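Engineer: One letter stands for each residue in the lines below.
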Amino acid sequence: MKILVIDDEKPTLSMFRLFLTAYGYEVHTAEDGEKGLALFQEIRPGIVFTDLKMPGMDGLEVLRRIRKTGIPSELIIITGHGDMENAVEALDLDASDFINKPVERHALSSALARAEKRKQMQKDLPFELLKTKESENFIVSLKGKLTASASPLFSSLLEILNPEHEQQVTLMFNDTFSIDRSGIALLMEVIRELKQKKISIAMENLPYNYLRIFQMVGMDKFSTLKEALTDD
Amino acid sequence: MTGPYGPPHIKDAVRRPRLFSLLDHHFHKQNFFITGQAAQGKSTLVASYLQESQKVSLWFHLCLDDNDDAKLFDRLAAGIRSLSGTGQDDIRGFIPATTLGIEKDLFRYIEGLTLMLKDLSFPLVMVFDDAECLEEISSGFEMINGILNTRFYRHKFFILSRSNLPFTIPRLKTEHHGFFLKNEDLSFTLDETMAFFQGKYEGKDLDIERIHKITDGWAGGLTLVFESLRQSGGVSNLPERVSSEAFDYFSREIYKTLPESIREFLRLTAIPDIIDLDMVTHMAEPVDGLGILTTLEKRNLFIQRVDSDDKGPQFKYHNLFRDFLLQDLLRTLGQDEVKALYHKAGLVSWEKKNPEAAMNYFMKAGGFSDIIRILKIKGADYMIKGKMSGLEKWISCLPDHLVKDDPWLIFFWTMARRIRGGKKNIRDFQKALNLFEETKDARGILLALGYLIEAGVFIREPSSVIFKWIQKAEDYLETMTEKDRFPWARGLLWQQIGLGYIAGDGNIPKGVSACRKAILLGTRINNPDLVLHASITMAFGHVQAGDFVNARQMLVKIKGMTREGGHPEFRALKNIVDIDFALKSGRFDDAGRLLIKSEQDIEKFGLIFLYPSLVEAGALYRVYTERFDEAFRMADHLNDFSILEGNDFYKGIAHRIKALSFLKQGKSQEAAHEIEKALNALDQLRKGDIHHFLTQQLAGIIYFETRDFTRAESFLRPSRDYFETISSDLNCVENDIISGLILWEQKDIPRALFFLHQGIETAFREGYVFFPLISGKILVRAFVIWMAFKGHFPGESVMGTLGLQSYPSLVMDEMDRVFSSARSREKDRIIENLRPLYKYLLPNIRIETLGRFNILCGHKVLDSRIFEGARPLLLLKSIVLHGSRDIPKEILVDDLWPNADVAAGEKNFKINLHRLRKALEPKIKKEFGYSYIVQKAGLVSLDPALVTLDVDEFLSLSVQAAEKEKNNDFDIALELYDRAAGLYQGDYFAEEPYLEWVLRKRDLLRAKFIEVLEKKARLHEELDQIQKALETWQRVLNADPYSETAYQNLMILYADSGQKNKAREVFEGCLLMFRNELGTEPDKEIFNIYDKIKSR
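Top to bottom, those sequences are chains A and B. Residue numbering for the first sequence follows numbering that gives the first Met the number 0, beginning at 0 and increasing consecutively. Residue numbering for the second sequence follows numbering that gives the first Met the number 0, beginning at 0 and increasing consecutively.
There could be a bad hint or two in this list.
[Unchecked claim] Below, in silico cross-link-like pairs of lysine-lysine (PhoX-like), each with a Cα-Cα straight-line distance of 25 Å or less:
1. K423/B - K1/A
2. K34/A - K603/B
3. K100/A - K1093/B
4. K603/B - K9/A
[Said to hold, decoys possible] Under 7 Å between C-beta atoms, here's a sample of chain A residues computed to sit facing chain B:
5. T20
6. Y22
7. V102
8. R104
9. G143
10. A147
11. A184
12. E188
Hint data in this document are derived by calculation from the structure and do not stem from the laboratory. For clarity, every value in this text was computed on a predicted model and none was experimentally measured. Backbone N, C-alpha and C fix where the C-beta goes; we use that ideal spot for every residue, glycine too.
Using the sequences and the hints given, assemble the complete structure.
Structural biologist: This is the structure in structure tokens:
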């Protein structure tokens, strides 16, 4: 599979080229957004990594323009360490994932695994909540892109949950799951309410980088977070 | 060139002067792109051009297989070897598969071919025919693209293709180095069409214009028309247009006139790619195959003879014609029969020991079991020989169900994508391993384990995972029942265990030991490839460990195994070792150049394991060249690499680089902070001891700077012991110097001096000029203390290499520290011990007396005003005049104040000597006093080590020149005379014309100058250097216009060289000079000479 890496730091490009080639990808690199965009249209890579902060066209602009081309590709934004605001903005712009600098091996592997999985799946699935019950554990599967528009679905979920019958809710994140800023706010609100109802919450099968962002917004104070298993 | 790489045989080709002259005109270019439709005469044109111009060529008929870079490389390399007269064992162009890289082998192949071509001593033309069969995205296409993009200067490349191929050659390069012949250029003109038919239809009235019009100059059309005419005798039945699309129709028209037995023969022989008589015997009914093929060839009917060295005549159908025949074969026999024929061809090829051709035929026949049978027999051989290229193609054509449960097929399939398979390789090697274990296939287990470890290392699996496999492999090797079996597989496994330990697990000593076992096994079974790969892995281990001494030794061995230039791993490792050496020797320009070369190779060949060593070297280079910000960024990048790789090792190195960077900037507290982090990260010894002790040593130096001597010593002592055991002298020197200074600070003088002596003596002995860890300040301190107490001045050349003259003020400060701490009874000895160093740091003074009087201090002319009057300068002149050494002061007083009484003279002398000394040496160190002018026991001298005189040099050169002339060293003598004469810029103390005490010496020196010139002139004469002799005699006359010797010699020289008029002019000039200026006649000898000249 072709991968395009856009970053203004030459050493970072060299490092990505070496690692991703070793992973078995055909790696192309560009030193700025303009060149990256031109190369994207020429080679149509399956996955794109782009640094966020670059002189000239920044990573978010690259993301916007790539989305405009309509060429399907998984876009992974490389953000500075702890740069949650930009990570969330990237998610708003429909980035597939984000990874923090310095890039951890596990984060890279996880982002690649998720991108490859998502490439196989149908895009633009409507958000869905699928509920099943196992004794006192209420399991809710989350599919598709979670945005503020899913609020009624969660309201009805909260209505049916009764702490006398359900002591734990497990939110199970499907591989198609993605989220934006409003979705994060909504999810935060939901788990707060569940906590108020004295229902314990577990979030499972979370992509590694989502787990990091959920930790950053403090969801780990209300819920246990479990990462999705990857080959790595 | 005949044989398999010869151009196709051309029968009755029409000579095409128009195109030949175009090719001639552009033959200075390198790449020739000949593009035209099928049967447009591309091959005929180029083959006949090469034949006529008698150029050495290699002709390659490309086919679909050549899309594979490995196969294409094998063919091209074999062709070039056949020309250079070397066998398959020749190592030129031998580029083994990767040991440490993750990039595909394509670049290795291009580099190998480039080397082979550049080695050829004659110009070569390489022709790539049927190039349209290369797919744009294939590695074979990329390889040709790479060759065309390389500049060879002598060799030429012809690309013959039906379509324009999208080679990515920069536009300018294409214009300057490429020439294009397109379809329309190749089309036959009317004249050429006439030439085509000339002599073929004598007496017949052919409408050539019409033929030219309907064929539109298409060469294939002309052949078809010719054949049609041969059969029907006229042109009336020809269609209106004969284009390549009409080929099928036309072929059929001609083909159907042939007897069925021949038609059948043609159909059946369309099955093989190359038709040889052996294959013909098996494929077709007993017919005169050679006769049929030769007849067709003579008629130029879309068949070419392809020469072969030892297999008898071979033929190849034109692709269009072959397609036509195969279609007819399918129509006649049906698919099953055709498949059976392919199967038969496969069997014949297998019998003829050509397994690759056999599998190609079996693939077309759907003979999967045959392919599997051959793969199982030959697969391991391909692996041992590193020929993996076909495996992927053959296995990929097999149905999944035949592959998925067969361990060898899974293994070979995975091996075929060994480098680019990424994570899938782990899964598949693991699966193959499980299946091998189930079937207890020992060889399979050894190989699957080996490549499983390698795949884990390539994709940077966590070290715990890799270590688990290594343990399993070691256990298996230990418990194997038949220990002598499968030595290659066992050797390979040891090599991969070595790689696993070094690059995956980080245990370098164990990795090196495993590589050693692999090398032993490889040597025993005489497998150079295994020995080479294991040696490279071992050298990598040494580099990784920072053990550059062993790495260098290993590289010397590797160099003997393969060609230096043709092996990326060798070159990259050697560059890293050389960078280390250059940095430690202070040769930073060399280090910078090597870094660029190394980076190019590592990126190009994907040598991921060498990348961090390169970044480390780059960061150190920037520290030593004081580009600290850049060094920090590189250290951060190394840290990023460490995080991405998932181990702490390079994190530790990054901290160590930052610590060193802070130390070099004099920020010892920040350095201490970073070195603590490095110590934590590198505390373990598994990476090999060197990094651990290097960090400890740096920590010792940093804590010395922070004056925490106890902590510093706790690091220095163990590292000193370690570096002594591995004979790392430079590290020992740095360690000794710091240890000595610590002891000095702790007032343990005897031990301090012991360490300093040990360190400095070793540094002198080994010729170290740069110390990577210790600063100039520390070096100065150590050296001053050592000299103060040891009193041994190592000589100016050694001092020069140490570069102490760059820090004069530091040296002076250190001397002050030593003086202030010395006991009074030691002080005089210390002063005398340090005096040579003090004097060494003073600028030299040169006094010019011949011509203008000048005093130069360190190459700068001193202003006479600093002498506070004329007397101090006169005093200096007097000292100089009297020979500069041991002059009784009374003589000087007498020169300057002849009329003064003794007391007044003494007083004047003192005052003016003081002024003179002060002017020459405004700042003195009181312990040493004045240095340039010394007064001892009433004798005054200029210090010869500090003050030099042009007059001394002039006299010395004159003597040396005379000596050399005496010893018949004429060239050197002339050079010395020249230098001596050059120093004489004018009379001695010319600006003091009336100073009596100067006159005598002035006359003596002028006489000496003339003597030097005369000797020089005579020597030129003896050596028949007439012009130079004339010039020199003229210089004599300039210095002494009454030199009769000069006049006489000039006259003789002019006369002897046929310039009688000039000789007369000299004579007349002489007479005039003597008569007008002296009122006398010159010596009669000059008249005798003149008479002789006149009478000639």
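Engineer: Does each hint fit the structure? Answer for all of them.
Structural biologist: Hint check:
Proposed proximity of K423/B and K1/A is supported: the alpha carbons are some 16 Å apart, at most 25 Å. Between the alpha carbons of K34/A and K603/B the distance comes to roughly 21 Å, so the proposed pair stays at or under 25 Å and holds. About 99 Å separates the Cα atoms of K100/A and K1093/B, which puts this hinted pair outside 25 Å; it is violated. Simply put, K603/B and K9/A have alpha-carbon atoms about 14 Å apart, close enough for the 25 Å limit, and the pair holds.
About 5 Å separates the beta-carbon of T20/A from the nearest beta-carbon of chain B, less than 7 Å, and the hint is met. Checking Y22/A against chain B: minimum C-beta separation of about 4 Å stays under 7 Å; hint holds. Nearest Cβ of chain B to the Cβ of V102/A: about 5 Å, under the 7 Å cut. The hint holds. The restraint placing R104/A at the interface with chain B holds, with a minimum CB-CB distance near 4 Å, inside the 7 Å limit.
At its closest, the beta carbon of G143/A sits 28 Å from a beta carbon of chain B; the interface hint therefore is violated under the 7 Å criterion. For A147/A, the interface hint is violated, the least distance from its beta-carbon to any beta-carbon of chain B being 35 Å, above 7 Å. Contact between A184/A and chain B, as hinted, is not supported at the beta carbon level, the nearest pair being about 31 Å apart and thus beyond 7 Å. With its C-beta approaching chain B no nearer than about 35 Å, E188/A sits outside the 7 Å limit, and its interface hint is violated.
The structure fails to meet hints 3, 9, 10, 11 and 12 from the earlier list, while all remaining hints are met.
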